[in-house]
Amino acid sequence: MSESNSVEKRILESLKSKFGESILEDGWEGALAPKRIKTFASREKIVEVAQAIKELGFDQVISQGGTDYPKDDIFKVNYHLIAVDNEELKPIILSLATKLPRNDPKMSTLTNVWRSAEFHEQETFENFGIFFEGHPRMERLLLPEDWDDIPPLRKEFTLPGR
Amino acid sequence: MEVVERQGDYLTMSVGPQHPGSGHMRLIVTVDGDIIVKVKPDPGYVHRGAEKMCEVRTYIQNIPHLERPVIIDSCGILFAYVLAAEELIGVQPPPRAQYIRIIMAELNRIISHMYWLSIYGIFMGHSTMFMWPMGDRELFIDLAASIGGTRVTFSYFIPGGVRNDIPPGFKEKALKTFDYFVKRLKEYEKIYFNNPLVLKRTQGVGVFKREDAISLGVTGPNLRASGVASDTRKDEPYSMYDTIDFDIPTYREGDSYSRAWVRLEEMRESMKIIRQAIDKMEAGPVKQPMRGQIKGKVGEAFARTEAARGTMFYHIVSDGGKFPYRVKISVPSFRNLIAMSHLLEGNRLADMPVIYWGLDYWPVEADR
Amino acid sequence: MVSSGSAISVFAGKVNDLLGTIVEQSVKEPIRYIVNWGRLYALWPVHLETACCSVEFGAASGPRFDLERFGMLEAFGSLRQCDLLVVQGTVTRKMAPRLQWVYEQMPEPKWVIAMGACAISGGLYIDSYNVIQGIDKIIPTDVFIPGCPPRPETLIQGIIELQNKIRRSRVRS
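Protein chains in written order, with this note's numbering: chain Z, 1 to 162; chain D, 1 to 368; chain V, 1 to 173.
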């Protein structure tokens, strides 16, 4: 690794010393790129990991979204975190991912760690049907009130004519 | 406004989606007399399913519909998309294209801020404040149209560069417009920003504390008005922003008045950026030629840029096919929505329009 | 005796009817003209924005295009005083019932303009799961203005077309 991403490396190392190899999803190489850090946590541990990431200085959720993988029978949930108030961490985007089984899409909310995750989680709930336990308002946000189909961003939901 | 519920001294009513301000948005407001007790935003009136549509269109076909959510800032929303798509496709735009992108993005920032300022006038019942910026905005639309071809929806950024070169004589025309507009901005300051009515309506209204702004995830000019100097153009310089010298206007007060000032100052900075970009640009190709079916490599990419309303973020997952597997668009308006209830609660109902539009919330963008 | 008297009254009644018809026929056309002329140049649009075409609607009200020159007033006020509904863009499934309510609350006579490709047929969002494919399925529409978004000049042309339609329309007595 070059000097240019020493900050990224340091952050990843400090997370690794706390949580072990499980923080890396596809090995050391895949987790680190210039200005990008990719981390992983199981759903049992995600609140703990998130707390540690927040303590490092990442103070905002810039995006949160799910991805549906019907082949592997999982949902992947990604939290993208930035630091707006920390000069050293400002250029970095940290991605925190977790995997949920498709037949039991539940995880605990991260709104207690970052309040800015609130609406993102609500959106993921209605788009994928992933339930966030402990969320203050787990209800519909963007879809119409009378939506009775399956959540639209799941892969089995097909668009008319496609 | 329609009364939804009456409970003791509290009255719950629905503001929108048809209301005299900017439409397609509903707020369920509970008031105690004149004071707002509780606000529940109800977005989704323009939810068009752009993220799902991305999955059945190729990387190029996605461009036109992705800019529709913010047609006043159409290059701002596309910029992050092309950066993420370029990472997956594996193309690099030539330097001239990167400067042209900066020019277009900054022109769009001015167009968007001018639209915001004129509608702010309507919200305050100030007709001149609607007419002046709306008229001056047309000059910048002319400039952008001479490059992009249409008035607002350019579809100008493509992976690997931009669609076409800027026309000859653009520099002279642009500099003439800027010279006029710099003078005009001084008049704006005199007539709107030092206007006792505007001062009374906006100063100290909807104050955002620095800590709240950070923890709620507010972005863009709203965050900078609360004293956080956070701007992606400086934090993580993309395109050619690292070769350009400009400032980030920051204010500490965090009220509606300073949010307006941040946007006014930003227009000045944008003109400064465009002047430098025109000078630094060298002749050369404007796009990387791509042959055959464009496919992204297996993996994921994320990119962020600074659009007019704040940080635009894209997360694209590719499975190696011609369509993106998943496109997540995180728009600044959606992240600013959380601030709405935080700021409105405890204020007077009469201050609602100023706070609402002072956040520059664009419902079409938030709903996607 | 009696019959002749009734015949006279019947005759007088017929003459009266005929005179009435003549008078009515001769006055009808000018009245129709005057009423339509009055409606023509005082179109009050409802301030209902459904999607992004509202940007160009705003620009058309601005100083360069100045819709008021053509008798199209500012989008202000209550919808109970309005007679024109400009549907500015995409109508989603969540917005559709609201659009219907707004239309039903407007007093007669009222006209509807579908502005932009999305309002006409779904446009770019033809395969979206949440978009109504054309507002003429929900409310009767008078004028369709194509474009994505339509330029302000096209909007002005559409309004002139609507005025032509109003000029030709019948007035209920």
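Heads up, a few of these hints could be off.
Stated by the list, open to error - Restricting the straight-line Cα-Cα distance to at most 27 Å, the calculated cross-link-like pairs of lysine-lysine (DSS-like) are: (1) D:K173 with Z:K155; (2) D:K173 with Z:K71; (3) D:K173 with D:K280; (4) D:K322 with Z:K76.
What the hints contain is simulated information worked out from the structure, not anything from laboratory work.
Verification of the supplied hints:
1. D:K173 with Z:K155: violated, 50 Å
2. D:K173 with Z:K71: Roughly 56 Å separates the two Cα atoms, so the pair is violated.
3. D:K173 with D:K280: holds, 17 Å
4. D:K322 with Z:K76: With Cα atoms ~21 Å apart, D:K322 and Z:K76 stay inside 27 Å; holds.
Going through the hint list in order, the structure does not satisfy hints 1, 2.
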